[in-house]
Each structure stands twice: as C-alpha cells, then as structure tokens.
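Chemist: Using the hints, position chain B with the ligand against chain A.
Just so you know, the protein sequences line up as chains A and B, in that order. Each residue of the first sequence is one higher than the one before, counting from 1 in our numbering. Each residue of the second sequence is one higher than the one before, counting from 1 in our numbering.
It is possible that part of the hints are untrue.
Pairs of lysine-lysine, PhoX-like flavour, derived with a Cα cap of 25 Å [said to hold, decoys possible]:
#1 B/K386 - B/K52
#2 A/K216 - A/K284
#3 B/K383 - B/K8
#4 A/K112 - B/K8
#5 B/K8 - B/K447
#6 A/K240 - A/K284
#7 A/K112 - B/K383
#8 B/K447 - B/K352
#9 A/K134 - A/K112
#10 A/K221 - A/K259
#11 A/K134 - A/K69
#12 A/K221 - B/K8
#13 A/K112 - B/K352
#14 A/K126 - A/K112
#15 A/K126 - A/K69
#16 B/K8 - A/K216
#17 A/K140 - B/K8
If you're looking for bench data, these hints aren't it; they were derived computationally from the structure. Here the structure is a predicted model, which means the values were calculated and not measured.
Residue-level listing of the chains:
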Amino acid sequence: MIGEEEEEDARIPISQRPEWADVRPVPQDDGPNPVVPIAYTDEFSETMDYFRAVYLADERSPRALQLTKEAIFLNSGNYTVWQFRRLILEALNADLCAELNFVNQIARENSKNYQIWHHRRWVAEKLGSEVASKELEFTKEIFSQDAKNYHAWSHRQWVLQALGGWEDELAFCDELLEDDIFNNSAWNQRYFVVTRSPLLGGLDAMRDSEVAYAVKAILAKPENESPWRYLRGLYKNDIKSLVNDPRVASVCLDVLTDKRNLVHALNMLLDLLCNDYQPSNEMKDAVDGVAPESNPPGTNLVERVCSVLIMVDPIRANYWEWRKSTVCVQD
Amino acid sequence: MADMRATKSQEEQWMVQNQVFRIYDLVYRLPPHAQSVNFELRRENHIEYLTKSLKQLGPSFSVLDANRPWLCYWIMHSIALLGDCVDDELENDTIDFLQRCQDPNGGYGGGPGQMPHLATTYAAINTLITVGGHRSLSSINRKKLYAFLLRMKDSSGGFRMHDGGEVDVRACYTAISVASVLNILDERLIQNVGDYIVSCQTYEGGIAGEPGSEAHGGYTFCGLAAMVLINEVNRLDLPGLINWLVFRQGVECGFQGRTNKLVDGCYSFWQGGVAAIVQRLHLMVNEQLGLPNTFKYDCKTESDDDSSNSDGESYSEGASSPLNDICEPIQEGQSNASPPTESNNIGYNFIKGPIGMRPIFNSMALQQYILLCSQEEAGFRDKPGKRRDHYHTCYVLSGLSVCHYSNTKEADSPPLPGHVMGPYSNLLEPVHPLYNIVLDRYHDAYKFFARS
Ligand SMILES: [Zn+2]
Chain A
1 MIGEEEEEDA RIPISQRPEW ADVRPVPQDD GPNPVVPIAY TDEFSETMDY FRAVYLADER
61 SPRALQLTKE AIFLNSGNYT VWQFRRLILE ALNADLCAEL NFVNQIAREN SKNYQIWHHR
121 RWVAEKLGSE VASKELEFTK EIFSQDAKNY HAWSHRQWVL QALGGWEDEL AFCDELLEDD
181 IFNNSAWNQR YFVVTRSPLL GGLDAMRDSE VAYAVKAILA KPENESPWRY LRGLYKNDIK
241 SLVNDPRVAS VCLDVLTDKR NLVHALNMLL DLLCNDYQPS NEMKDAVDGV APESNPPGTN
301 LVERVCSVLI MVDPIRANYW EWRKSTVCVQ D
Chain B
1 MADMRATKSQ EEQWMVQNQV FRIYDLVYRL PPHAQSVNFE LRRENHIEYL TKSLKQLGPS
61 FSVLDANRPW LCYWIMHSIA LLGDCVDDEL ENDTIDFLQR CQDPNGGYGG GPGQMPHLAT
121 TYAAINTLIT VGGHRSLSSI NRKKLYAFLL RMKDSSGGFR MHDGGEVDVR ACYTAISVAS
181 VLNILDERLI QNVGDYIVSC QTYEGGIAGE PGSEAHGGYT FCGLAAMVLI NEVNRLDLPG
241 LINWLVFRQG VECGFQGRTN KLVDGCYSFW QGGVAAIVQR LHLMVNEQLG LPNTFKYDCK
301 TESDDDSSNS DGESYSEGAS SPLNDICEPI QEGQSNASPP TESNNIGYNF IKGPIGMRPI
361 FNSMALQQYI LLCSQEEAGF RDKPGKRRDH YHTCYVLSGL SVCHYSNTKE ADSPPLPGHV
421 MGPYSNLLEP VHPLYNIVLD RYHDAYKFFA RS
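Just chain B, same shape as in the assembly:
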C-alpha cells in the first residue's frame, strides 16, 4: 500500500523531530546544575561573535556583498537586544559606511555605489535608529528617501524592491515601515497598498509573498505589520490568520514557516512577532468575532488574580471603539513637537497602551527550542545540524525577546521570573514588534523625527 510508505515530508520531519527530542532528553536527564547551564544565554560569546563580524568578514561573505546594510542590522540589532552596544568608534564607522550606501537620489543600496533597494533601505534605517544619536539620525536624507519610496510605488498599489525590481509583500512592508518610523508616511504612499496585501492572504489564513502563493511566516509578519501601520488591519481575516499562526508551532517547540515544513529558529520572530502584534489587536479581533468590545482576555499578574474571573473573562471600562487602541491622539508631554500627521502616530500609539490579550502561542516551549536547539557556543542557527549565521542570530534573539515580554501588561514592564526560561539574567531588551527595533531606541527616534 502506498499509504504505508513514508513520504519525503514525513521522513524529513521525523529526522528533525528525533534530533530535537534527543537534545531535550539529554538535557532533562542531567543533574540540576549541569542542566541549568544549558538554559543559560551565552551572552558574552554572542556579543564577541557579533562584534568581530562587524570588524571583519571572510571571503565567503562575498555572496552577501549586496546585503551589507542587512549585515549591519543583524549585528547591531542583536547586540542591542543583548543590552549592549559597540564603542563610539565603531558606531561612527557604521554611520559613515551607511552614508556611503545612501543614494544621492534617496534610499540605500546593498553596498557603496549599488542601486537603492527597499530591503537594504529598511536595514540601513533600522541600523541607524539602533545606533541612535543626532549624528546617526540626521544622516538620513528623508526628503530624498520619500521621493525614492514614491518612485518604487507600483500601479497595483504595492511597491517594487528597486528600479525594475520585483513587487511583493516584503517590499510593501519595508517601504511602509521606513516611511512610518521616519514620519514621512502619507496618503500617496498608502494608496491601494492595503488592496495588494489583502489579496495575498491565502485560504490557509496566513499571508503569501504574492497573490496566489503559499502562506508563509515571513510574509505574514510583513503583511500584518504593514496593515497595522496603514491602519487597515481590520481588512484581514484575523481569526483565520491567528488559527493558521498557532498551528505553525510544532512538537519540536519552535515555529515552522509554512504548513508541513520543518522547524526553523528564524520563525521565532516572524511567527512570534505576528503573535506579539495580534496581542495588541484584541479589539479588532473581538469585532470580527462578533464579540462585545468590552470582552477582555488580558494578562493576569499575580496581584490581580483575584480580581478577574476564573475563566479568563472580565470586562473593561472605557473601550468604546474598536479603533481606540491605535487611533488615540498623541499624548501631551511626550514631545514638545507639533503632532505629526495621523498615519505617523500609529506605530507609536500601538505600543503605548496596555497589551490587550494574553499570548496565544507557547512562549516557554519556544524559549526551550531557542536555548537548547538554536543556540550555539556563539551565535544562533536554524536547527541542529545547521551552521550559525548573523541572520538567524538576529531573528532568533528577536523571537526570544518577544517571548520574554509576551506576558507583560505593558511593552516595557519587566516580566515575572516565571516567564523567562533559564536564569533571569537571560532577559533581553524589548522590541517594537512592528519595526523590530529595540524599544528605547525606537522612542528616541520617534521623538527626533516628530520634531523635524
């Protein structure tokens, strides 16, 4: 019978699954002290690996010669997540280097003299915000950048990656994300981009790179974050998206990118980030489910355990409109600037209020996969048997940060020790989930660009 024969998907799945289970088994059989060492984040090693790479890369990195701002972002963002930063000299060198990648007509290329590209523009902007400070933030030519973004706008409403380049959901996200964080997002950029992204949500519930393609973790993050930033997220089928998302976490405890594919550490952020965003969309989700907008399913802390219903049901005061949480006007005293246009407040307001919903994924399981299966002596990898790289180090750490703060009531309030796997010293810095920038760096940039 054909039925009895394992298919290629099954064989690969069982192989990875067994390898992962063997690791868990090994660790859980160790005596307590030896066991706890395995759950430690090897912070110093990671920082050393990252800092070294910032200073020199071998010839094999030639294949990433058109992705150097990405290398900057993966490294600098990882270091920031780890609560550290590089010395002033390296920071200045980073600003100078990215300046050489900036095109005279706006946007950033993959290296000096290369054409501007939306993805490397996103990487460069996020790096400069992560470095922070006046010199870094003022090195961005926002006027020219806006012109570049407009040039990349396609008639479909989507964006193309570069002059003559491909149109997809990644391009939409990177364009909208930089425009939003730099306070240059306007109607012309937003026009019809929502139509394009909506057309990419598939029958499975997740979002694909192009209309008709398969639902995929990376594109689901990009599509969802972009829809939030343009204030059109209610056009997506959110319950369907959530159902697809939660099924991407498997018995290996990590996330896969697509249905019936293998677990991979980088989806800790792509899928985990989606979960973090969803936790702040509770009013929209309630509306789509036909629930009263007073319905609440928020995080319980030890102190208010007795004040909420045992079945997780309680009622909040004041929530009157499903758009309340993301459309509030800017609060006075946050900056002495004149309020930016409405669409540029969204990212700020999104992160400001309390988190409306408890996590829908299994944070502890994901942390276990990250610490025991993704972590190497230095750096992080996709899965056991693969080699570390900067991309996976960045997105595994970003996912770990999402886990740490998934049970907090506010974006930056410290989590309870019980929510951080391993010693509490594993705790990472929180990120803004729509941009994937460390939160305090984001706030500095927000103030800076609200002024100008």
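Isolated chain A (complex conformation):
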C-alpha cells in the first residue's frame, strides 16, 4: 500500500516525460485581468496546458488519450476534454470495455456530474445490448449509495430503452420500494416500467394490479405523497375512470375516517369532486367529521374540503384558497 501511495506522489511532470518532449504547452488565454481567476495547482495548469496543445493540434494519439485521462481526474466536469476523448477513442478504435471501467472509477468518486453519464451512454451505445446487464448492475451499485441519483436513473431508463433488460425491472422496483416506500425515484421508475415495458402489455393491462399496489402503500403510510401521485398518474388523461374506480374514493374515505394525515386524501377527493364524482353520504359524513365548526354541513362539499385543507395544511393555505375560489365560479 505504501508503495502505491509513493507512486502516486511521485508524479513526473509532463515537461520531464520524454514522450512529450516535442510538444509545446499552450497556456490558458486568460488575459491580463481575468475575473473569477482560479489559483490552479502546478499539476492542474501543466496538464491543461498540454491538453490545449494536443486539442488545438487535433492530435488523436495514444498519448493524447492518456492525457485526457489525467485531465479528467483533475476536473471531471470539463466537457471539452471528454468530447475530445471520444474523438480519440473513435480514431484509435480503442477497447471500449476498458473505457467503461475507467468511467466506473470516475463515477464512484463523483456520481453527480453530467459529463460522466453522457460519456457512459456513448460508450454503452457503441458496445450494444451485450452490456445491458452490466449497465443495469452498475446503476444498481450507485443506488446502493444514493437511491435517488437523478443521473443514474436517467441512465438506467436509457439502457432499458436502447439496450433492453426489462425482464426483472418491476421486481427491481419492488425491491427498492420495499426498502424505502418513500423513494419517489423508485415510484417514478415503476411508472416508467408499467407504461413502457414491452413485456407487460402497457398501462391498460397493468392498471388494475397497480391501483391495488398503490392503495396498499397509501393505507400503510397515508402521509406518503408518492403513492397518491402514482395512483393519480395511473389515470392520467382519463380522469373519468379515476372517478369511476370505487377503490379511489374508498381509499380517501378510509384515510379520512382515520382522521390523521388528511392532506393527500383531501387533495384527491377535491380532484374527484371537481370531476363530477357523486359523494356518498358516508363520504360527506367523513368530511364533516374533520371539518371546522365554522363551516356548517349545509355548505357545498368542495368548499368544505377546501376549508379543512386551509386549516390542516396552512403552508398551502394560499393554494387552497385559490382552489376554493375557482370552484365558486364553476358552480
């Protein structure tokens, strides 16, 4: 181990490497009085000076490839270096599996950078469907550290669509949601699978079982916004069917009757009521059961729902006031 560290410390300046003797470094053209000047380390300046030299000369050589690697280790956000690296990889017909390993290394250090993921997508696309499972495995590894990593989720969706590997995706969502039912990224992925997987028959085929899944999650944790939005999403562009599915009104009723964590249930009920849902007496009673006394049972149910929300959800009082006012006009 000590030997390895020493090796890293003993970086030989590029200017002293024989293979670079013929190259003249190009300093950054910052001008006499640059703003936001960065006090670069010598290593950073030198590496970038040599990078500029090969970039300007458009030198697509093995040594240039090696240099881009050094530059990326110093700043993985430099998209110019990444783009030039892709040109070199193409020109040299380089081994792209090795490239994937290189990206692994960078991504583990900094997984929240656009360039790494864009590069990875480029490499994986060239390698084709044979790396699909490897790519899915890689994102899974990222999720074990950060289950909501936005770039990793985008990459995973791209892999599924471009390279395949849908077989176990719904089970993967199950697994993540079982681990953390509040993980909205996993809910979003579930929606993605249910609506787009070529193996599941699409939303129409899946809706029934998914409604049941969402309802179960809601009843377990009514304060969890994710399954409520998911449930609503299952009837996207088909609000009539949302209103006509008795399980939707029923889950609202169950939560309201429990008198705790009312906000999402009332939000859903409001949606139903604004779309010609005819409330049962039971539902009316449940709303009355949580309504403030200042709002006598005689008034319009939508107004009463809004009044409850203004009271129990004060951070959104402005919004509920607005919703209330729009209902008054419609009637």
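Modeler: Just chain B with the ligand now, with coordinates in the frame of chain A:
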C-alpha cells in the same frame, strides 16, 4: 413489522426537519431586538464575499474550471439583486474575460479556449446583460450565436448542450432563453422544441430532464419558462403542474426539488420562479380549468380591499382572449425601434401587464427559511450543516426577490412592508422570472437588441 421501521427517506427528513425547527425555536425565543437581528439580510457581508470571489478563487475551484461564466453570473447577478454593482474596472474585466470565452464560431465556453456550451452561453449572456452598457451588450456576436444555436438543434426538436453533448430540458431552456433575450428567436429554433418539453411533463405534474425521468424543480422551471417564451405554454397541464409545485413547499418552510426529497435553498428560485411565472398565466389556467376568462384572483392591496368580493372573486373588464396577456403588440413609445418579430416580444409582454393571480405558495414561510436557515454570515447555503457557495447564494437571493414581489400588482412596484420579512431594508431588486435577470437590466437589453 416492517412498517414500524423508519426508512432512509424518513430518517433523513426527520433529521433535517428537527434541525430546522430547532433554529426557528431558538430565534423565536429570543427577546425582540435580538430576534429581529436574525431576520436581517446581511447585505454588506454578502457583497464582500461575492466581490472577493470575482477577484480570486482558491485551487479547490478547479472543479468549476469549465463553469467560469456561471461563476460570473452567480456573482454578478447576486450583486445586482442586492442593489449594488462592481466598479467600472471589474465590469470591464468581466466583459474582456467573457470575450475570451466566446467561440469564433458562436456561443461561449466554460473558459477561454473551451468548446461553446449552451449552459455557459446562457450564463455569459445573462452576465453581460447584468453588467449592461453598450460595450458589454455589443460584445455579443449574435449572428454567430444564432448559427451555434441552430447547430445544437437536435432532430427530436430539443437542443444538445454542445457538439456531441446531451439533449435535455436544460439545453432547451438555455437555448430559447438566450435567443429570446437577444431578439434572435425564430421559427427554425422553435420548431418541435415544445413537443420535446411536453413529453417531459410527468404523471406527477412537474417536468423532468428527459422523457420518463422524475419531475424535478430545476427542469420544471426550465421547461415552463421555455414553453412561455415560445408561446406554447397552454400545451402543458398547468393545474397539474401547479398542484405538484405547491406540494414541494414543506414543513421546513423552504422548497424541495422532488417529492420526498430534502429541502434545499436553491429551489427557492427554481420552484419559487415557477410560482412567479404561474401568477402571470392566470388566463391560460382559467381556460384549462374551464373557467370563464373573466375569472380573476388577483392581488389585493389595502386600497382596493373594499372593491373586490370577500371570497376573492371579482370580474375584470376587457380580458377577452386567453392569450391577451402575452400576445399584445409592442406599445408605442417603448422604443423607437421597428417592432421585433412576434416571438421576441413574448418575454417583454409577459412582464409588462399586471400580475393576474395572487401567490399560490407561502412567501413568508419561504423568506423565513431563507433568512434563518440558508443565510450564513456571508453567502447562502442549501440547508443547515452545508457550506455556502456561489450557486446557492445566487438562487437563494433570486428566490428571495421572487418572494418580495409576489404580492405586488406590477412587476416592479414596491411591495408593502408586510410582505417583506424582516426590516424593509431587506428588499431586493425585482427579476424577470423567465430569464432570471434583474428587471431594469433586462429592459435596457430589450431596448438595445430591439434596435439592432
Ligand atoms: Zn441546492
């Protein structure tokens, strides 16, 4: 039972929530004078932090070496929001530096000699407009920039960030925003970009970076602002977007970026900006809700309290078309220029008229989070426990400005003291919410580019 065990999301949420509540509790227990100090915007400190950074940054900033125009924008825009500006020399140095980032074939890179990139182009243009003046605005090669934007147009209708770069909603916004503000937006640039953005609105109501991804505050701002600028915002499900948006403000009083994620100061603008834009889309929202286009839910001031209905319902005269507020022809006398093409008026007309709708978010709560939890001795941060940076300073201040003006009837009319948390001297400059540029700088640029 698995149910009894807190999940990772819950644990993290409770930790942050408790930390935030502890801060509020501490401050509200202080005697009045000591308490009021906590609500003061530490203006001088912020300006000093920002100005120093403009002059020198340490080696750790090497990771932002491909984002230097962003650093310029975050700093200059923050200083402008604070009602200040840097001295002439620094302004000239900024223009000169960005000139070195400008590519001979159009667009701006992350530093001198780097490839042009849409995001750094947006940052550079917004910086130059914030600096203002003839030298600054005329340093932009608009003809070449237009060619760069066209080169970045993807067959999907979206834009790619740079040659060989990624296509996403951020790229669409930055391309459309600079084209609009520079008066070079045309049909070729607009073509099909709306299709791409519409395909990114998710089942939750917010907008994602790519089709299929998760609804996200940053992309929702970008997508909504771009759709307004190309005059296609009615293609989005606005009531759904609004419902998603208002639920992003949580018990901590600040905004989160996505459902069940943690509060973060920078979403004060990304989400707050969406709220500010929505307040001017009332006619479109009414139309989608099937309401008469005479329905009004506008800001009440003390003087007209008695003239409007107690339940917030009143009727306006004259509003006949849902597109009225953003498609009016340019007013005479605003500039002696020939009127620019229609798509380039949108940003101007958007900000011109009265604000049609009261705020739908909780402005005072957000101001409290910003002042007590995001503000450091100098600079702003994501949340307690995180370190300040220029990005968060910029977007927290932008969000604070949005709060200050969220109850005004016109974009630049001074808010009532009751709408500014803390002393009235906390008041910031207003911004144009579609571009996030301080309003008077925007107007100067609008006049400049309408002429040429
Ligand atoms: Zn942030």
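Chemist: Confirm or reject each hint.
Modeler: Here is how each hint holds up against the structure:
1. B/K386 - B/K52: Holds, because 21 Å separates the two Cα atoms, which is no more than 25 Å.
2. A/K216 - A/K284: With a Cα-Cα distance of about 23 Å, the restraint between A/K216 and A/K284 holds, given a limit of 25 Å.
3. B/K383 - B/K8: holds, 18 Å
4. A/K112 - B/K8: Answer holds: A/K112 to B/K8 is near 20 Å, not above 25 Å.
5. B/K8 - B/K447: Cα-Cα ~52 Å, so violated.
6. A/K240 - A/K284: Status holds; Cα separation ~20 Å.
7. A/K112 - B/K383: Given that 25 Å is the threshold and the Cα spacing comes to 18 Å, the pair holds.
8. B/K447 - B/K352: Holds, because 14 Å separates the two Cα atoms, which is no more than 25 Å.
9. A/K134 - A/K112: Holds, at about 20 Å.
10. A/K221 - A/K259: The hint holds at about 13 Å.
11. A/K134 - A/K69: holds, 22 Å
12. A/K221 - B/K8: Holds, at roughly 15 Å.
13. A/K112 - B/K352: violated, 39 Å
14. A/K126 - A/K112: holds, 23 Å
15. A/K126 - A/K69: holds, 20 Å
16. B/K8 - A/K216: holds, 20 Å
17. A/K140 - B/K8: holds, 17 Å
In the structure shown, a violation is registered for the earlier hints numbered 5 and 13, in ascending order.
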